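Line order of the protein sequences matches chains A, B and C. Start counting the first sequence at 1; every next residue gets the next number (this note's numbering). Start counting the second sequence at 1001; every next residue gets the next number (this note's numbering). Start counting the third sequence at 2001; every next residue gets the next number (this note's numbering).
In short, the hints are calculated from the structure, not lab data. None of the values given here were measured: they were computed from a predicted structure. For glycine and all other residues, C-beta sits at the position ideal for the given N, C-alpha and C. Hints should not be assumed to be uniformly reliable.
In the BS3-like style, the derived pairs of lysine-lysine whose C-alpha atoms are separated by at most 30 Å in a straight line are [stated by the list, open to error]:
#1 B/LYS1188 with A/LYS105
#2 A/LYS114 with B/LYS1188
#3 B/LYS1269 with A/LYS131
#4 C/LYS2290 with B/LYS1106
#5 A/LYS154 with A/LYS114
#6 A/LYS104 with A/LYS131
#7 B/LYS1188 with C/LYS2290
#8 B/LYS1188 with A/LYS131
Here are some, though not all, of the chain C residues that point toward chain B, as calculated from beta-carbon distances under 7 Å [stated by the list, open to error]:
#9 VAL2061
#10 GLY2062
#11 ILE2124
Here's the letter readout for the chains.
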Amino acid sequence: MATIEMKNIVKKYGDGFPAVNDVSIDVADGEFLILVGPSGCGKSTLLRMIVGLEDITSGDMVIGGERVNDLAPRDRNLAMVFQNYALYPHLTVYENIAFPLRLKKRPEKEIDEKVRQASRTLDLDEHLERKPGNLSGGQRQRVAMGRAIVRDAKAFLFDEPLSNLDAKLRGQMRTEIARLQKQLGITTVYVTHDQTEAMTLGDRVAVMKRGVLQQLASPRELYEQPVNLFVAGFIGSPPMNFLPATVEDGQVTLPFGTFPLPADKAERTAGKGLLLAGIRPEHFEDVSVMADDAVDGTRTFEAHVDVREWLGDQQYAYVPYDAEAQVQDQLRDLAREADSESLRTQLVVSLDAASGAQGDDDVTLFIDSDRLHFFDPQSGENLTVGL
Amino acid sequence: MNKNALNRVGTLVGFVLILLWCLLPVAWIISLSFKSQEAVTNGSPGFLPQSGGGAGWQNYVDVIQDEQFRRAILNSIGISLTATILSVALATLTAYAVARLEFQGKRFVLTTALVIAMFPVVSLVGPLFDMWRTFGIYDTWIGLIIPYMSFTLPLAIWTLSAFFREIPWEMEQAAQVDGATSWQAFRKVIVPLAAPGVFTAAILTFFFAWNDFVFGISLTSTERARPIPAALSFFVGADPFNRPASLLAAGAVVATVPVILLVLFFQRKIVAGLTAGAVKG
Amino acid sequence: MSTSTVNRASDRTRAENRLALKLVAPAVALMLLVTAFPMLRALYLSFFSYSLTAPDEREFVGLDNYATALTDGLFWRDTGNTVFIMVVTVAVELVIGFVFAMVMHRLVFARGLVRTSILIPYGIITVVSGFAWQFAFSNTNGFVNDVLPFVGSDFNWFASYESSMVAIMVSEIWKTTPFMALLLLAGLAQVPEDMLEAAKVDGATWWQRLWKVILPNMRAAIMVAVLFRALDAYRIFDNIFVMTAGANGTESISFLTYRQVIEQFQLGIGSALSVLLFLSVLVVAFLIVKIFRVNLADARQEA
């Protein structure tokens, strides 16, 4: 068990481009930390620096109070689960799990006990004598975890461990990893590009973009108080809607109409010209399914639903709108940075499953404009963070 | 008849044809080796030994008891094995560099290997004949081992580098995280993964050395170092105008036994090695 | 700070370079020792009149040896034989090899048996193959005359040029077709099954699938197989030595060179022939690469 302290970590490759730039994160003992971001954001590089597979260009890596910058991977006593599991194809499941113990020349009895215990925990008992090549993806994943847990390592490191599994299995293994981590109470750093994994697994989540740490916070805080456009757009599915907005006289003007704002938000954003307003899909509702007394007439607008997706417990409706070219360009850049493709300017709204709205329908929608975030279109900074 | 059935019949016919193609000449030489010498001298056309013209195991007994032939077998085994081991050892180092390291001259190494693989061997026997006599290694084992090595190296290098490129080298890192030293990672993870490829390259190299004829007849003059193919071609018997066909056939069968054994046991590896060396995948 | 990073990177590159050179040096040195050095020596000796039977009479003659060789009908006849054998055997092997590859690719049973069998001709010593076919074609002891309907039982295959060449090429083709078939099989395996299914859905006939989908996608494999086999066939020696010993004008260029050097000890003219043989192999390789636009790097996925 140990803490992991990253102090001003920098990684530069031969061409001088910083893959990781001045990242400082403290991971508490027993904490589950997620590193998340689009591909190429430096999250895997950072993880490989923790474990010692990449040299650190500058900064300090401190594990359990000891500076490990110059230690070889084997001297750091960390366990890692690789994306492709890195199981030894020539060894049986049993020997794969026993491998780290054999390297340490532990007595046979201890090895056997630990391997059996791990295989019980991970439900691998009937596969111990098989070779990794004959296992399913989920079983390989569990063998890789078995190899990690027999170690008594200071910390677990996971490098996108679920990305090779199908969706259903991914959900199961996610729960499995969370349970195991709580049970063992071991410090864990987990790299993923999947924001669902990030939100569900982590005590805290570090969002990275192009080698720079954007925000380090609990999942709830990331969701409700994103510090900038990137985090706001990256976290949440479907993503937050971004709309051109101007604020005047305590009112915000969006492409669909003008709506009232809380005083503190209005004060911070008034007179700043064209801003980007962000609002999550669930902060809209179809007026026809709301209790009459909940509907505030100043916060409704007429919209034309283009396409509707019914998911059973809720439904998504897509409402296209026109925006100026400048805004469109900015939205496209944003989408590209987050590894997603948002092709058109449209509003995604989440409606109650009872709503009768159809595709190609006109409906009256309610917008909870109190929940709007406002971003500076140049810097991307959230002007209303903390409110 | 529907198309599917037609396809299946075609495949079946092809299957029989392949087996006939591959095995008929082998069966023929085995059959020949059981014909008696008299029957061959008098002329005994036909595939199988005629009744009364069979020699039983006599030809094999004669061949095995022939001092020259025994010596040739020994030479072939010794020379081919030595050349194989040394060649594969050197090729492993080279292939590791080619597959794993970035260095200037990689193209040069691969091109050299390719050019040598296509080299007309006969054009070298003249100068080598001359040089080997000067160095005093004409008609010795070493005089054959050296050219065998240099001509099997290209094959071994191409095959091995194709294999090495397929090895999941990140396993080495996984092992280091698991607590292995660099040596342990190499010994316990990389060696077991690389061994099948090395073994395959060794079999192909052995085939080449065992099959060589040009060097075998050019760089030897006595039974001191003469390998089997050359010995077979010089095997004349009592009457120089009437080759002892059935004795030769028995010798040929004996010389083919090691090849057949290797093929039987390592068919998969050989096919993988042959194609890895030439086609991607 | 950025400069130090750059330096470190180049240090590492240099260290990697050094290690690589150490690893490849022994193999490269050995390969060159036995090829480049003797080849240079052959080039040198080819300018002399030099016979091992009279080593003291060695004398510089300039290009005379080349003139002698190139004006001699023997040289051109043997080159012609060699090219003829190369073209015919490779063409026949390509067709038979492809059929074999198709059969092996489709086969759902006894795959191991077929692959084991097909490796036997590949592994057998060429000299043994030569003997086996020589005896098979023999009019006193063989079975070929009995089997073929259009030749008499006493037809002597080794009495004339044409029939001797047929016998030689049969032995060559028998032994090397399996190699061709295995290379082509590996190429066939590279053609994605769903591409063929797509072609079926698009309405391609079997013949169209073969020519428009399978063959273009196997191009690299075919070209590599042709190149390797053609250069191998151009060096034909063992079969001729064993089956005809060059009788009836069936000599190949390799055999001519061997005869000059080893049997007649004419190192001068023999060396000139060696150089010419080497050059002609280069020309053949160059022509194949140019004509068929073979890209070995492509085929081997070389970076």
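* Asked: Which hint numbers doesn't this structure obey?
  -> 7, 9, 10
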